[in-house]
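Residue numbers (my numbering), protein chains in the order written: chain A, 2 to 100; chain B, 630 to 733.
Source of the hints: derived by calculation from the structure; they are not laboratory data.
It is possible that some hints are incorrect.
Unchecked claim - Straight-line Cα separation of at most 25 angstroms, SDA-like style, residue types lysine to any residue; simulated pairs: (1) B:Lys689 / B:Glu669; (2) B:Lys677 / A:Ala69; (3) A:Lys76 / B:Lys633; (4) A:Lys85 / B:Gln656.
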Amino acid sequence: MLRSELVARLSNKYTELRPAEVELAVDAILDEVAAALERGDRVELRGFGAFSVRRRDARTGRNPRTGAAVNIRSKNVPFFKAGKDLRSRLNNGLDPEDR
Amino acid sequence: MADKTLTRADIVERLHEVTNLPRQECQMILEDVLETVCAELERDQDVKLAKFGNFVVRKKNQRIGRNPKTGEEASISARRVVTFKPSPVLRNRIETAHQGGGRA
Numbered sequence: 002m003l004r005s006e007l008v009a010r011l012s013n014k015y016t017e018l019r020p021a022e023v024e025l026a027v028d029a030i031l032d033e034v035a036a037a038l039e040r041g042d043r044v045e046l047r048g049f050g051a052f053s054v055r056r057r058d059a060r061t062g063r064n065p066r067t068g069a070a071v072n073i074r075s076k077n078v079p080f081f082k083a084g085k086d087l088r089s090r091l092n093n094g095l096d097p098e099d100r
Numbered sequence: 630m631a632d633k634t635l636t637r638a639d640i641v642e643r644l645h646e647v648t649n650l651p652r653q654e655c656q657m658i659l660e661d662v663l664e665t666v667c668a669e670l671e672r673d674q675d676v677k678l679a680k681f682g683n684f685v686v687r688k689k690n691q692r693i694g695r696n697p698k699t700g701e702e703a704s705i706s707a708r709r710v711v712t713f714k715p716s717p718v719l720r721n722r723i724e725t726a727h728q729g730g731g732r733a
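Please construct the entire structure, taking both the sequences and the accompanying hints into account.
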């Protein structure tokens, strides 16, 4: 499912809204999550999952083509962990992390 | 750096500001967005949100793992997991915002 398909699907339900308004809403949700991560905040959406920023330490990598060593500086990357309900839904109703 | 946890209420508030729709409707829209994404993942469909990232379902086979604390071997059951692959746009936003001030 693509962003546009998500908007289309919601538009079918929210018939009182113009598709452009639904699109604005979807964009606002995603942008708010992104903005929170930019601030260094966590975003916790019970049942769905949590977004956070994780630090990746600097390391020495290799150019896969030449084999030359290259320094890769530390960086901060967005991270998502699926919530308990979502994990359960993907695994026949049982969260595999419970065992 | 701020160190807050955003929840549904914060996103609903923002949605209300941006769209001017009643808060209750904003809440419904947020739930529907999350539920639609979950339902797609449940039926093994990846969800690709441009400029944000892709949610991908991966199947993991059963394997023998180890409790890192005790060193004990344990069987890890086969499962489906969701991975999030952030888009370059989101990665850049985060990387730019956090430059220098890295934290765990």
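Each hint tested on the structure:
1. B:Lys689 / B:Glu669: holds (18 angstroms)
2. B:Lys677 / A:Ala69: Outside the cut-off at roughly 34 angstroms; violated.
3. A:Lys76 / B:Lys633: Holds. Lys76 (chain A) to Lys633 (chain B) sits at ~20 angstroms (cutoff 25 angstroms).
4. A:Lys85 / B:Gln656: holds (21 angstroms)
Hint check: a violation occurs at hint 2 only; the rest are consistent with the structure.
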